Structures are given as C-alpha cells and as structure tokens.
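Protein chains: 2
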Amino acid sequence: MDIDTIATTRYATKAYDPHRRIGAAQLKQLKTLLRYAPSSVNSQPWHFVIAASDEARKKIATATTGPYSGNEAKVLNASHVVVLCRRAELDDAHLQRVLAQEEADGRFPGPEARAAQIKGRGFYVDLHRNTLHDTQEWMEKQVYLALGTLLLGAATLAIDATPIEGFDRETVDKALALNERELRSVVLVALGYRSDKDLNAELPKSRLLEDEVFTFL
Amino acid sequence: MDIDTIATTRYATKAYDPHRRIGAAQLKQLKTLLRYAPSSVNSQPWHFVIAASDEARKKIATATTGPYSGNEAKVLNASHVVVLCRRAELDDAHLQRVLAQEEADGRFPGPEARAAQIKGRGFYVDLHRNTLHDTQEWMEKQVYLALGTLLLGAATLAIDATPIEGFDRETVDKALALNERELRSVVLVALGYRSDKDLNAELPKSRLLEDEVFTFL
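So the sequences go chain by chain: A and B.
Anchor point for the first sequence: position 162 equals 161 in numbering that gives the first Met the number 0, and the numbering is continuous, going up by one each time.
Anchor point for the second sequence: position 75 equals 74 in numbering that gives the first Met the number 0, and the numbering is continuous, going up by one each time.
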C-alpha cells in the first residue's frame, strides 16, 4: 500500500479487540521505530515504557479516570501501551552517554569529528538551557517526533494505534515509579487491533482543505 | 523495504544535490503525509509553507546565518524546504473551521456526535488555555507530530530529508510575512536527494542501546 494511502486510512482507534496480541516480530519492529526515531542533535532525551501485561496496563489505567475515563478501555484492551517519557533533566551525564555511544558506533573518524559533535550539540543544549530556558519543552517536542514516527510506522505494519494525551501524568509517574528514575510521562500510545465495535473505523477522516494548510512559494 | 530497515537507514542529510528535484507525484504524497498527520483532538493547529523556487529558499536562508550557517547550503540546495508553522493563537475561529470541515466530511452521523466532538475538543482546549497556560507549546508539539510523520514518510519514498531547528525563527517569520498571517515558524525540513559529497551518508547511525531506552512491564 502506498504511504499516502496508509496516511489517509490510519486513524485513532477507539475500541480494541482484547483477544488479539501484537506478535514478537512486529513488536521488535515497533521498538526499532522508537529507538531509531530522530531527535535534535541526536539527544534522545527519552525512555519508552512498554506495558504488555494486564497488570501493567491496569496500573496505567489508574491515570485514565475522571475526565479521562473515555480512554480507560483503550488502555485495558489494547495489546500494548507505550508510555513515552522524557528525561526529568537534560543532564550532562546523559549527554556523555550519547557521546560515548556515538563513539562506540563509529560516528567519529577522528578527534576533530568528535570535537565538532561536542561543540555542535553543546551549542543547542546551551541555547535551550541558558537562553530559551525551555529544555523540558524541547525534550517533549523530541518525544512527539518519536510519537509521529511510531504512529505512521505502526500503520505501515497494519497495527492500530491511539495517541492518548488524556491521562493524568502525575498518576502514571507515581504508578510506574518514573520519578525515581528521573523520567516524566509525556504521552501514551495504545497499540493493537481494532474491535468490530470501533465506530471510528467506519467514519471518514476529516482534514482542513489543502488551501488552508499549504502555501507554495 | 521493511519499515524498520527504512527507519534505521534514513538519516539527516547534510548535503543535497542541487540539480535533483522532487517530482510532482511524490510532492503530492508528501503533502498528503503532512495534511493527514494526526493532531490532538484533530486541532490541526498548523500551516506548511513549501518553498520550491530558488527565490523562496533564498528568503529562508536569510535565517540560516551566524550560528546557523551550517544549515545554509541545505536550504539553498535542497529541492524543497518546508517551513512547519503553528498558529499564533489557538482561536475559536480556527476551531469553528475545523468543526465545519468535520461536518462537511461526514464525521457526525447526528447532532449528538457533533455535540460530543465540541465538548471533547473543548475540554482539552480549555485545559491548555486556562489551566496549563501552554497552548503555544501544545500547538508546537502537534507540529512535531507532523514532523515525525513527514520524516518517516519521506524515507519510505526514498526522499532524503533534514529536520532543521537551527535557524532564526523571527527572521523567517519576517521574511515570509508569517506574522501578518497569524503564523509562527517552528521547524524547517529540507527535502530532496543527497549529494555524493554527503559524508553523513557513509557514517553508521548511532542510538542508545535497547536497555537504556526501553522498560518492559
């Protein structure tokens, strides 16, 4: 199927078949999509908690109550729920780990390349830390980059997905002890296979018209 | 090619072949990827300026000087540069246009469905406007969702791409008169075909190891 057909037929699944599970081979592909998602200056300021067990999804569902209760069944019935997290802080220790991994992976043909990477990444980290004072927002944007990658990628694998902003972040952070690991939940994605009760599957997609969203120069 | 192979072989192109242009059919597919990108409550708080002409790319390149000069040649030599913008404000007139389009597209089988959509979207808009006070950051996150969609989608079409945060936003906003249209530039994407001088094409990709980015529950 062409990518534009995939883009126009994927949709936010509203009801999951609780009996269908994502297989190991496809789960591996989904992990690759997340792990290889692009991020500014390769900062990878993220962590992905993948809840597969009933118990784990029930823990996450403690955050889909009250105004978010419409999302509870998605979390409980999906095959997997990914909690996309950012780091609490963009600390130097993390940046050192990224640099060490780049070195181990062979990104630096010589010391000049390594120095250039330190300088280039340092410029942007400094900009967000000390000028814009928005490192947390910057990290969350990168998480959304991974989110976009995951949603389109899942669709190419014929896996249904639902991005979920509607949950209580603090409740998830506590339920999964994310605070203790210097992580913060940003957004959830339910993954699995639609139920035949998913009315959204039958509705046409809607988007603003081309003239409203594009300017050509 | 499998989507995970695409995800692990796409990369941020550093040098473009100035003579190769994206064809009309593929440009249409790229537009579809952007226009159909998911966004929270279908808010579509964005606009995409697509610079194809030399003149338009030169205007954008006025924002890739000084600390951002490393991005100038990408902007000038790429086939197309997309300026992904958010709306200046998430105003009611925009939300009304989205609702009217959803109605025209057949999203509402009856008045209850239309009322439920107004209520559901209103809850999240109100949350960001009046409780979190972060509508601009919320909109920018949606733009990054479109960014992730575009980058992976382009890779499936064998189109090279470079996400570019390194540019002066205010300069682009002025050069393209975005302020007058109640738009703000968020991020650029250069699109086209790599030059044989792109050293990044030969380097291995680097990512943190699985154990560092995943937790299974």
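It is possible that some hints are incorrect.
Pairs involving identical chains hold if they fit within one copy or between any two copies, as the list cannot separate such chains.
SDA-like, lysine to any residue: derived pairs with alpha carbons at most 25 Å apart [unchecked claim]:
#, residue 1, residue 2
1, 118, 214
2, 196, 174
3, 196, 210
4, 27, 169
5, 30, 127
6, 13, 106
7, 30, 66
8, 27, 214
9, 27, 198
10, 204, 156
11, 27, 65
12, 118, 66
13, 196, 18
14, 173, 113
15, 173, 107
16, 57, 89
17, 57, 91
18, 196, 124
19, 27, 113
20, 27, 134
Treat the hints as calculated values from the structure; they're not laboratory data.
Computed from a predicted model, the values in this text were never measured in an experiment.
List of violated hint numbers, smallest to largest: When the structure is compared with the hints, numbers 1, 2, 3, 4, 5, 7, 9, 11, 14, 15, 16, 17, 18, 19 and 20 turn out to be violated.
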